[in-house]
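With the hints as your guide, set chain B onto chain A.
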Amino acid sequence: MPEAPKPKFDLKKFITEGQLWKSIFRHGYTTSDRDRALTVLTNVFFHLHPVKVRKSGARFGFTWCAGGLSFFVFLTLVVSGILLMFYYRPTVEYAYNDIMALRDHVPFGIMRELHRWGAHAMIITVWIHMFRVFMTGSYKPPREFNWVIGVILLVLTMLLSFTGYLLPWDQLAMWAITVGSNMARATPFLGHEGPGAAMLAIGDIQLVHAASDVRFALLGGRFVGAGALLRFYILHCVAIPTAVVILMAVHFWRIRKDGGISGPL
Amino acid sequence: MIEAVKQAINSFSSPVTIFSASLAMFALFVLFPRQITSPWCTVPILLLVLAFFAVGLTDEHFVKIVTAPDNVPIVAMIFIAGYFTWYAMRKACLNDARLERGEPTFEKTETDEKVLVFPYLIYIEFVVALVYAIGLVLWSILLKAPLEEPANPTVAPNPSKAPWYFLGLQEMLVYFDPWIAGVLFPTLIIIGLCAIPYIDRDPQPAGFYCYKQRRPMVIVFLFGYWILWILLILVGTFLRGPNWNFFGPFEVWDVHKVVPLVNVNLSDFIFIKGLGWGLPKQWFLREAPGILLCLLYFMVPTTVAAKTWLKKLVEKLGPVRYSVLMILLLSMLALPIKMYLRWAFNLKYIVAIPEFFFNI
Chain A
6 MPEAPKPKFD
16 LKKFITEGQL
26 WKSIFRHGYT
36 TSDRDRALTV
46 LTNVFFHLHP
56 VKVRKSGARF
66 GFTWCAGGLS
76 FFVFLTLVVS
86 GILLMFYYRP
96 TVEYAYNDIM
106 ALRDHVPFGI
116 MRELHRWGAH
126 AMIITVWIHM
136 FRVFMTGSYK
146 PPREFNWVIG
156 VILLVLTMLL
166 SFTGYLLPWD
176 QLAMWAITVG
186 SNMARATPFL
196 GHEGPGAAML
206 AIGDIQLVHA
216 ASDVRFALLG
226 GRFVGAGALL
236 RFYILHCVAI
246 PTAVVILMAV
256 HFWRIRKDGG
266 ISGPL
Chain B
164 MIEAVKQAIN
174 SFSSPVTIFS
184 ASLAMFALFV
194 LFPRQITSPW
204 CTVPILLLVL
214 AFFAVGLTDE
224 HFVKIVTAPD
234 NVPIVAMIFI
244 AGYFTWYAMR
254 KACLNDARLE
264 RGEPTFEKTE
274 TDEKVLVFPY
284 LIYIEFVVAL
294 VYAIGLVLWS
304 ILLKAPLEEP
314 ANPTVAPNPS
324 KAPWYFLGLQ
334 EMLVYFDPWI
344 AGVLFPTLII
354 IGLCAIPYID
364 RDPQPAGFYC
374 YKQRRPMVIV
384 FLFGYWILWI
394 LLILVGTFLR
404 GPNWNFFGPF
414 EVWDVHKVVP
424 LVNVNLSDFI
434 FIKGLGWGLP
444 KQWFLREAPG
454 ILLCLLYFMV
464 PTTVAAKTWL
474 KKLVEKLGPV
484 RYSVLMILLL
494 SMLALPIKMY
504 LRWAFNLKYI
514 VAIPEFFFNI
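The listed protein sequences correspond, in order, to chains A and B.
Under my numbering, the first residue of the first sequence is numbered 6, with each subsequent residue one higher.
Under my numbering, the first residue of the second sequence is numbered 164, with each subsequent residue one higher.
One chain only, chain A, in its complex shape (with noise of 0.2 Å):
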């Protein structure tokens, strides 16, 4: 009786058909369209994606890749701005000194380079997605709520940008937000030199005035001094970006339940 031949060895079968292997991969890789679906239902990251989208909707002409790109720029500056946080201690004697460290001490570091050019280039690629969803009228019903979400994402763009601006500590940061912060003094009501503000008041006693208005509140001080730049590193590195992770998980979510990348009727 012969003997049936002994199956060879194969390495890449032995990897790929094993429990390890398998239990990361559930699909194999080949150009088959179920295969290219599985690619994106079974990957997290992918699968904010439909598996299919209109052929006019995947045209780089049409979408310009903006809101995408803003969402990768928005990661990169994550992982940057991790990074800086090993090195910057967010206190009046040490600010300034840790950037000037994180200059002179690192041979050929970009990684601050890297954090601020990319807060510049969020702002552009976020006007520049709304503009591109404005010029092809994709707010209109039923998105017209995602948009109002993404005014809102734009506003926090800037908002994370102003903060990030006092951080380094220089003139250059101090003043612009000096000039930024100046304009709250004036808030209606709530500034000490608001219009409307000096009605407030409980017979002689003033409510509102330097020490307790909306400025005050945002630099935790009558001046940008230490309380600011606390202020602005909690605001910077904590609370606006939790506000902005969980509004891009709406927005993200709402292109799909709203219809996906518009299409003309």
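By construction, these hints were calculated from the structure, which means they are not laboratory data.
All C-beta atoms, glycine included, are put in the ideal place defined by N, C-alpha and C.
Heads up, a few of these hints could be off.
Straight-line distance between alpha carbons at most 16 Å, and here's what the computed EDC-like set of lysine to aspartate or glutamate pairs gives [said to hold, decoys possible]:
(1) 375(B) / 259(B)
(2) 60(A) / 288(B)
(3) 145(A) / 263(A)
(4) 60(A) / 275(B)
(5) 57(A) / 40(A)
(6) 57(A) / 275(B)
(7) 444(B) / 518(B)
(8) 145(A) / 365(B)
(9) 169(B) / 223(B)
(10) 57(A) / 288(B)
(11) 277(B) / 38(A)
(12) 57(A) / 276(B)
(13) 375(B) / 263(B)
(14) 60(A) / 276(B)
(15) 511(B) / 431(B)
(16) 169(B) / 222(B)
Which bits of chain B does chain A cover? Going by a derived footprint, with three or more residues having C-beta under 8 Å, they are [claimed, not checked]:
(17) 353-360
(18) 365-377
Same frame as chain A, now just chain B:
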């Protein structure tokens, strides 16, 4: 020769000429988009802009301001936003032409066809992310992030400027008090942007680039985007020097430049120059004409238009949406109107009640 050109540009430049020239260019763009976005027009315009920058780069002062590290993104933004505006309008005009010929739009021909996201869309996203990442690294290697002297609350730089994306608001401070330029207008911008889909609800021209069917909306949006936001940022960044004085693009920022400017309130015009009575003592009498003017500004155009040429729009929108639309539009127009009033009559405030910090 180049010096003469620079001199000519400098002496032509002033807030009023630059704003008016931009308005004229904007009008041409929205009136003749098809002609202007055609290659015959676009290429010469692009060459002209590049020539301007080429001339500029021979000028020491121009180079100093344009290549200030934080100003580089603004220069990039001019080209990026300009390119995409051209691109969107070009596509819109091509689609309009297709619709006129009775053909479906470009997007319509592909809308029923579906493609797999992997690889067709993810591939695009990957390439875009890769190109951006390479560009960012190159940008970061070539240009160092700025770091000036340590913060010093006793030494204010002149001029002190907000971050560049807020300079449009800071430029508005020339014409309005902080409570309007810094609080009211930003709030109205946000509310106005949010209101767009609740006012323009027609679901039909959506999902493709087009201009003819959406002309009023596109004109208003482009006006806000380019004239009231980007143009004011450019003026605020590149043309405002010490003491927030205006300087031509090739003019050296002289701290001692003296600009004689006597701004006069509306109440002065009426009670002192016009009637010769002198200012009334009570603020409500003194400011009555200004307050009346502001109320009329919002009420008269709204009601007159509702009865005449916007009749159909009122029927379509209903009273609430129509009123919100008109308040937003008139507030938007109030900025250029106040700018021209300032340039023409040195008008400072229409309503001036410093007693309550309430100046318009």
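**OP:** Starting from the hint list further up, note which numbers the structure goes against and sort them upward.
**Re:** none
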